[in-house]
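**Q** Sequence:
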Amino acid sequence: MPTTMFDAEVPTAGTIALAHEEILRIKRAGSFENVSGDINALVNTPTPITVAREAYGLKGTDSVSVIGYNQVITFTVEGIRDTLGRIAQPWLVALLNVARATGAANKISAQTFDAKDETLIALEGSYSVAAVKSSTGFKDKFVWTFTLTNDGPIAQITSPIAGTGIPVLDSALPTGKGANDNVYVRGFNVNAIISATVGGVAAMSISQIPNELNIVVVELPAGTTGSAPIILTNAIGASAALPYTRIV
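The sequence shown stops at residue 248 when you use this note's numbering, and every number in between is there.
These are computed hints drawn from the structure, not numbers from a lab. Just so you know, not all the hints are guaranteed correct.
[Stated by the list, open to error] Taking lysine to aspartate or glutamate and the EDC-like style, the derived pairs with C-alpha atoms no more than 16 Å apart in a straight line are:
1) K107 <-> E78
2) K141 <-> E54
3) K27 <-> D151
4) K141 <-> E219
5) K177 <-> E219
6) K27 <-> E124
7) K107 <-> D82
8) K133 <-> E78
[Said to hold, decoys possible] For each label pair, taking beta carbons as the anchor points, the in silico distance ranges come out as:
9) P210 <-> I49: 47 to 53 Å
10) V248 <-> L84: 23 to 29 Å
11) V66 <-> S135: 39 to 45 Å
Everything numeric in this text was worked out from a predicted model, so none of it was measured. Just so it is clear, CB atoms sit at the ideal spot from N, CA and C, and this is done for glycine as well.
Based on the sequences and whatever the hints tell you, model everything.
**A** Next up, the structure:
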């Protein structure tokens, strides 16, 4: 059975990953970020966009043709606060700020696609964001219900899990590590990595966790504090750069 992004699901801080069968990715800082490990009750509701036409073979009888779809995406997120009271999920902080904004600042780009079957159509578009907060009964936890409403046409795209066999990277944790520290890079097609670079410098070592085909352990080389994108390469080719922030 091929490995897919479904196998690479990982929660962000403070949450437990669930067995999602649909992926939601939100663009943040120029890259699509998989947030499915943090969300629940993901629902896509399409509404057909139609034009009137004459029914074929029945002159004068009205019919309609579907020329596209409007889309509304809803889901819930449990927000977790750290010891300082801040929300622990960076993507959630960013999305809540978008939900409170107006005009162009209230828009995001998002993708939805099946997590197991790369032959199914994937969707990508621009959405306006709304959020409603409710209590879980615990002072350190709240639930937000998000509604994403398409802003303009929704494009049909090739599924992001239908790759060419090169590594597709999903996350690198923990962040903020430095030379000789191990970072766990998750994705798919990462079970036979032959080289890795961090900020353009070759990794000190690469290792695989037994029975974890979607995780590769990268030992960080020497470098400087700040942005240090990670690239993994297998026999087919190199992955796109995965943003990573390191210390010295």
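**Q** All the hints need checking, so say for each whether the structure fits it.
**A** Hint-by-hint comparison with the structure:
1. K107 <-> E78: violated (22 Å)
2. K141 <-> E54: Distance ~55 Å between K141 and E54 Cα, so the pair is violated.
3. K27 <-> D151: holds (15 Å)
4. K141 <-> E219: violated (35 Å)
5. K177 <-> E219: Given that 16 Å is the threshold and the Cα spacing comes to 10 Å, the pair holds.
6. K27 <-> E124: holds (10 Å)
7. K107 <-> D82: Not satisfied, since the Cα-Cα distance of roughly 27 Å exceeds 16 Å.
8. K133 <-> E78: holds (10 Å)
9. P210 <-> I49: 47 to 53 Å: Holds: the Cβ-Cβ distance is about 50 Å, inside 47 to 53 Å.
10. V248 <-> L84: 23 to 29 Å: Check passed, 24 Å falls within 23 to 29 Å.
11. V66 <-> S135: 39 to 45 Å: holds (41 Å)
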